[in-house]
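Heads up: the sequence lines are chains S and X, in that order. For reference, each letter of the first sequence is one residue, going 1 to 202 in our numbering. For reference, each letter of the second sequence is one residue, going 1001 to 1202 in our numbering.
I should point out that these hints are in silico values taken from the structure, not numbers from a laboratory. We treat Cβ as the ideally placed atom computed from N, Cα and C, and that holds for glycine. Be a bit skeptical, because a hint or two may be false.
[Said to hold, decoys possible] Computed, partial: chain S to chain X, Cβ under 7 Å:
| # | residue |
| --- | --- |
| 1 | 75 |
| 2 | 125 |
| 3 | 126 |
| 4 | 155 |
| 5 | 158 |
| 6 | 163 |
| 7 | 165 |
| 8 | 168 |
| 9 | 182 |
| 10 | 188 |
| 11 | 189 |
| 12 | 190 |
| 13 | 193 |
| 14 | 197 |
Number of protein chains: 2
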Amino acid sequence: MNRGILLTISGPAGSGKGTVIAELMKMSDDFRYSVSATTRNPRPGEVDGVNYYFVTKEKFLSLIENEEMLEHTEYVGNYYGTPKAPVEKTLDEGKNLILEIETEGALNVKKMAPDSVAIMLLPPDGEVLRSRLVGRGTETPEVIEKRMEKAKKELNLLDHYDYVIINETGKIDVAAKKILEIVNSEKLRTSRNMDIKNNYFK
Amino acid sequence: MNRGILLTISGPAGSGKGTVIAELMKMSDDFRYSVSATTRNPRPGEVDGVNYYFVTKEKFLSLIENEEMLEHTEYVGNYYGTPKAPVEKTLDEGKNLILEIETEGALNVKKMAPDSVAIMLLPPDGEVLRSRLVGRGTETPEVIEKRMEKAKKELNLLDHYDYVIINETGKIDVAAKKILEIVNSEKLRTSRNMDIKNNYFK
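Chain S on its own, in the form it takes in the complex (with noise of 0.2 Å):
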């Protein structure tokens, strides 16, 4: 069987990344949304290894301690991150795994796995990214300026990516199946295909 892929998808708020990947998840079975591991308590209603994987501090430190950690962050006294795994259970199984994360967290996962596939997902210019920010009505002036500086630095990184993709308004299909194309084309890189040369002339 072949191995999935690890995608890490990022995006500005507003990107439409969550709308994306869903869209894309309906269009084919072989992607699974990975889980990550947080510190922190469960809410009401949350599934362990669903929505989280509950774990203690001393566990998620022995996890980085061992490189058992694709990527970590702390927040508000909390740690979350990805540990590899069930990761690679998904990959082995064929799966694509996808990261929605933060580009920090991307670049670290691109350290640690170089053939996971990044890729950045982009309103159609710095206006549309504004107006939608603008449009949904639940950020004041001061969160909206503070998330399009955000947005300017993440595009800053742009390089370390692997690829880009406008989301056009209105065109999550779009987006999506580009996603899909990428990983398609991704299972053919001669990287990824190594065996054939071992097996071919038996």
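Position chain X relative to chain S; hints supplied.
Frame of chain S, contents of chain X only:
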């Protein structure tokens, strides 16, 4: 306009290169077939600029000298090669250019044009390759053995290629569609889209 992509397609005799490329060009109008330059004389019916660019030996040597050839080779006293200028023109017009080329030439193109995409097309395995060659009924056993030896050498160069496509028997359209997906996906590479970064926040 987005610049086209330069594709080299190689594969052993019996891999079905020609048929797959013909199918690809039926599927999409975004591909052009590269015209080689040669110092040999035109045969009856051959048209300059269509079958070949017919040039003098002096002209050919000066093109090499000035690094205006992407690759070239000598065969029974005549030169054959790919001049850069028409390639650049086609790519600038947004069309993808296909070079059906021997492994050695493909590796030279990759050196001269690192942003080109090198694809190796292969029959499912060595036995199918042999049976396709035998099935043609036009080659002597000696020629078939020579072709098989050549195929082994070509396969050894697989690492230098970007992508490998297995051309399953009777599935020409699948192989052609894979090339199309590779090109669509390559167009989304961040390295081909750095203008986004510069124009995003105006």
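Hint by hint, here is what the structure shows:
{"no.": "1", "hint": "75", "verdict": "violated, 27 Å"}
{"no.": "2", "hint": "125", "verdict": "holds, 6 Å"}
{"no.": "3", "hint": "126", "verdict": "holds, 4 Å"}
{"no.": "4", "hint": "155", "verdict": "holds, 6 Å"}
{"no.": "5", "hint": "158", "verdict": "holds, 5 Å"}
{"no.": "6", "hint": "163", "verdict": "holds, 5 Å"}
{"no.": "7", "hint": "165", "verdict": "holds, 6 Å"}
{"no.": "8", "hint": "168", "verdict": "violated, 13 Å"}
{"no.": "9", "hint": "182", "verdict": "holds, 5 Å"}
{"no.": "10", "hint": "188", "verdict": "holds, 4 Å"}
{"no.": "11", "hint": "189", "verdict": "holds, 6 Å"}
{"no.": "12", "hint": "190", "verdict": "holds, 5 Å"}
{"no.": "13", "hint": "193", "verdict": "holds, 5 Å"}
{"no.": "14", "hint": "197", "verdict": "holds, 5 Å"}
Taken one by one, the earlier hints fail for this structure at numbers 1, 8, listed in ascending order.
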